[in-house]
Amino acid sequence: MTLASTLLLSTVLFAIGLYGLLARRNAIAILISIELMVNAASLNLVAFTRFRGLPGGQALAAFLIALTVAEIVVGLAIVITLARARREGGIDVDTAHEYRS
Amino acid sequence: MTTLLFGAAAAAVLAGALGAVLARDLVRAVMALGVALAGMAGLYGLLQAPYLAAIQLLVYVGGVLTVVIFGVLLTRRPDDDRVTVARGRAWPAAVAAAAFAVPVAIAVWSLPSSTATVAPESTASIGYRFVGEHLVAFEVISAVLLVAMIGAIVLARRQDPGSVRAERSESASGVEARTEEGGGRS
Chain A
1 MTLASTLLLS TVLFAIGLYG LLARRNAIAI LISIELMVNA ASLNLVAFTR FRGLPGGQAL
61 AAFLIALTVA EIVVGLAIVI TLARARREGG IDVDTAHEYR S
Chain B
1 MTTLLFGAAA AAVLAGALGA VLARDLVRAV MALGVALAGM AGLYGLLQAP YLAAIQLLVY
61 VGGVLTVVIF GVLLTRRPDD DRVTVARGRA WPAAVAAAAF AVPVAIAVWS LPSSTATVAP
121 ESTASIGYRF VGEHLVAFEV ISAVLLVAMI GAIVLARRQD PGSVRAERSE SASGVEARTE
181 EGGGRS
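Going line by line, the protein sequences match chains A and B.
Position 91 of the first sequence, counting from 1, maps to 91 under my numbering, and the rest follow consecutively.
Position 114 of the second sequence, counting from 1, maps to 114 under my numbering, and the rest follow consecutively.
Derived by calculation from the structure, the hints in this document are not laboratory data.
Where hints are given, some of them may not hold.
[Claimed, not checked] Facing chain B, a subset of chain A residues (Cβ under 8 Å, in silico):
id: 1; residue: 8
id: 2; residue: 12
id: 3; residue: 50
We put the CB at the ideal spot given by N, CA and C, even for glycine.
Chain B on its own, in the form it takes in the complex (with noise of 0.2 Å):
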């Protein structure tokens, strides 16, 4: 049983990546990414972790996607519907990811192929983790969630673009002549 579910979850993973990096139309890739991330999550849950599997699942089908599919949304352009994957590079590309693949599954094949396992670690146990021995780093993650929010609000940020000329024009005026080429490509 255990076994047919794996395969079920693991040909779900395999076809919605297949999916996501050969589509042509991007938010068909991004939902065969859907596809890919929710058979992630449940492999995750038939390997003892449903903590991972509730978070792939919140985090990764809910919040990562409905991003990625507003950003392409937001991108796009009716003239973009076009190959995506790059002329003359396909090929390089997939005999660099087997050249990865291959000696990795052979290393990987060879290893004892026993099937025990050890005892699944509780939620609570995972959480006491996070505020034990991973404390630093679970600051760090704050700290940097929160540095990539407001980083990406100051990215994506519809700047006014004459008062951004002024600004860059009265704080250094040998940087004159860059910003008006800048000005004239935006």
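Pulled out of the complex, with its shape left as it was, chain A reads as follows (with noise of 0.2 Å):
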């Protein structure tokens, strides 16, 4: 375990993040790729605090978890807004501006 393997881990999973962000339709499936991709970043402050000695790197890290739980709340919100206009199929990202009024 070195500041090279968990970097390289936190890439594969920010890629992964960023390939679901991109693929998925469904505003949910967006929003859970992108805690993936938070969790990279967040992954990264840690690892530079444990090798390299970051100064404040865990606090950091917390900020970044509230501020996360902030847009996943305001995020499902705005889905659940969303849901609650559509006719039927699911909540896709595509053809939400039709709700827009």
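These two chains come separately, so use the hints to put the complex back together.
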């Protein structure tokens, strides 16, 4: 377990999240992908704190977690509003603009 | 031993992430996300960050996952169990992800592979950082959380469509036509 292996893991995790962000259509699935990407960033912070002594890295990671929670809450509220407005089908971000009013 | 645990946690994180991104059923995707987040908590523990490991389990696995599951179940309709990956977009997305990952992975792998570590920061020290050097950020985060909570309530509140329409036409008569159209949709 070295800095390189941890950073490699977080790179792969971020790439998986990026794939989901680009390929998915369902809004909740996109939120899940964003979760993965934020976790990859947070893993980087903790890894640099552990191996390079980044000052305050863990505190930054905690801030990151709090911000992500706020983002998820607002995102889900938007998704629920969208789901209420639609007539049929999934919460498809490709057609979400049709509900603009 | 640490290497073994790291491998196990990394495998859990990667398997969970892949499941979360590829699963067709959203409930399964959320469960896979839970596996990935729990694996992340294990990684934090291995990286001598027990405070973050606890926060990760409490906030993500305990809180966010529950909320997302609620979101999935509240917005799902019987006809929704279809492919959630867009047709014809999977390959470009995979190429984009690879285009990001490969150069970064090469750069990361060329880092000097020293196992030198720094003394772990104690939880008390993190707490002092919160109310010391990061005090402003700490307070801003509290405000952001409050705003997010109020915003989520305002957004997701089930409004009485009649009263909203009346309100809108009162405030501006010019938007009446648009409001009518919007009402017909909902």
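(message) Name the hints, by number, that the structure is in violation of.
(response) none
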